[in-house]
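Asks: Each residue of the sequence shown is one higher than the one before, starting from 442 at the first, in my numbering.
The hints are simulated quantities; they were obtained by calculation from the structure and are not laboratory data.
Take these hints with a grain of salt, some might be off.
As the list claims (entries may be wrong) - Here are the simulated SDA-like pairs of lysine to any residue, each with C-alpha atoms no more than 20 Å apart in a straight line:
{"#": "1", "residue 1": "K672", "residue 2": "I527"}
{"#": "2", "residue 1": "K705", "residue 2": "V584"}
{"#": "3", "residue 1": "K672", "residue 2": "D630"}
Stated by the list, open to error - The following label-pair restraints were derived from C-beta to C-beta distances:
{"#": "4", "residue 1": "A715", "residue 2": "D748", "range": "16 to 26 Å"}
{"#": "5", "residue 1": "P589", "residue 2": "Q729", "range": "31 to 41 Å"}
{"#": "6", "residue 1": "N551", "residue 2": "D630", "range": "43 to 53 Å"}
{"#": "7", "residue 1": "E669", "residue 2": "N621", "range": "12 to 22 Å"}
{"#": "8", "residue 1": "I683", "residue 2": "P589", "range": "13 to 23 Å"}
{"#": "9", "residue 1": "A624", "residue 2": "G654", "range": "15 to 25 Å"}
{"#": "10", "residue 1": "Q642", "residue 2": "D579", "range": "34 to 44 Å"}
{"#": "11", "residue 1": "D653", "residue 2": "Y678", "range": "32 to 42 Å"}
C-beta atoms are modelled at their ideal positions from N, C-alpha and C, and glycine is treated no differently.
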Amino acid sequence: MNFRKFYFIVCSVLSVFMFTLGVLMLVYINVTDVYGNQENLNNSEKSGSLIGDLLDPFKVTRMKSVNVFICGGDQAANLTDTMMVINYNPKTAQINVLSIPRDTQIRLNNRNAKINELYQNGGGEFAVQRLSEILQTDIEYYVHVGLPAFREIIDILGGVVYDVPVDMYYRDPLQNLTINIQAGKQHFDGKKAEEFMRFRQYSDGRANEYYDGSDLKRIKAQQNFVKELIKQKANLYYITRINEILDVVFNRLETNLSVSEVLKLSMNLDKINAENINFFTLPGRPVQQELSYYIIDKIETMKLIDDYFVVETVEIKEPVESVEPTEDSEDSDRELSLNKGVN
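Let's have the full structure, built from the sequences with the hints guiding it.
Replies: In structure tokens, the structure reads:
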């Protein structure tokens, strides 16, 4: 047997072997959801015909849409001046954002309280449990972003260009805080972005159509800023740097999300655009009782939750890359990812 014939036979055998191995892997992937749960191969409703599965070049991943409670403020005191529930559908890349006024009235320890006390009184797990009860939907994750982390995230992203509608000036010597932002288009670094997000009223008490001292006006400004941030940064350049960004900021956050869970949820981030984002404010009205409160409109809130914040299982059928969870604990998982790329 000459060398050419021998080489041809070996290559043919290897090709058949690799093809068979690839088919077996494809079948395994298509009948296993993202959490590793085995599906029944004979279930025609989920997997279809075997031939169809073998010829299908796309991976079928079953995931849930997810609600995440995002809050921000002074991390040392566990204060939450900014609160949002974000619903993300990984199939459609649809994002729904529900801003929650910090003065929203709730019952806490058999007394009237404001909703921004939840995190301070019981931490993230307690906050998402109570919020799930109040909003009657499943909120699985929380992320508390301290002021230093917020500044660092904006700086890592290269800042944000934002068109400020009015001059903004506020000074509070007790907090050693001065906010002085001029109207017009400008580039915000992390520090300026933080000042913009915190601004609610003028030192001299004046009001205009953008700011009147109320939390609702500040929420509207924050929503506009977040929408512009996503519009500028949800692109391929920053998506490909997600590991780098997570390595820097993850240990600055308080969250029950692991790095691998974040990467799973980010599998379709390239599809996100400003048109896919809906912003809402918790329905209700401000009242003056012994303190200033915001009273929830329960009927309108339930309509909003049913339309935009229900958790459902979705199937993603496209050539996407995902990071499978390991058997290690979440802490080990986080440490391994954070140390990735460190020389």
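Asks: Looking back at the numbered hints, which does the structure fail to meet, lowest number first?
Replies: No numbers; nothing is violated.
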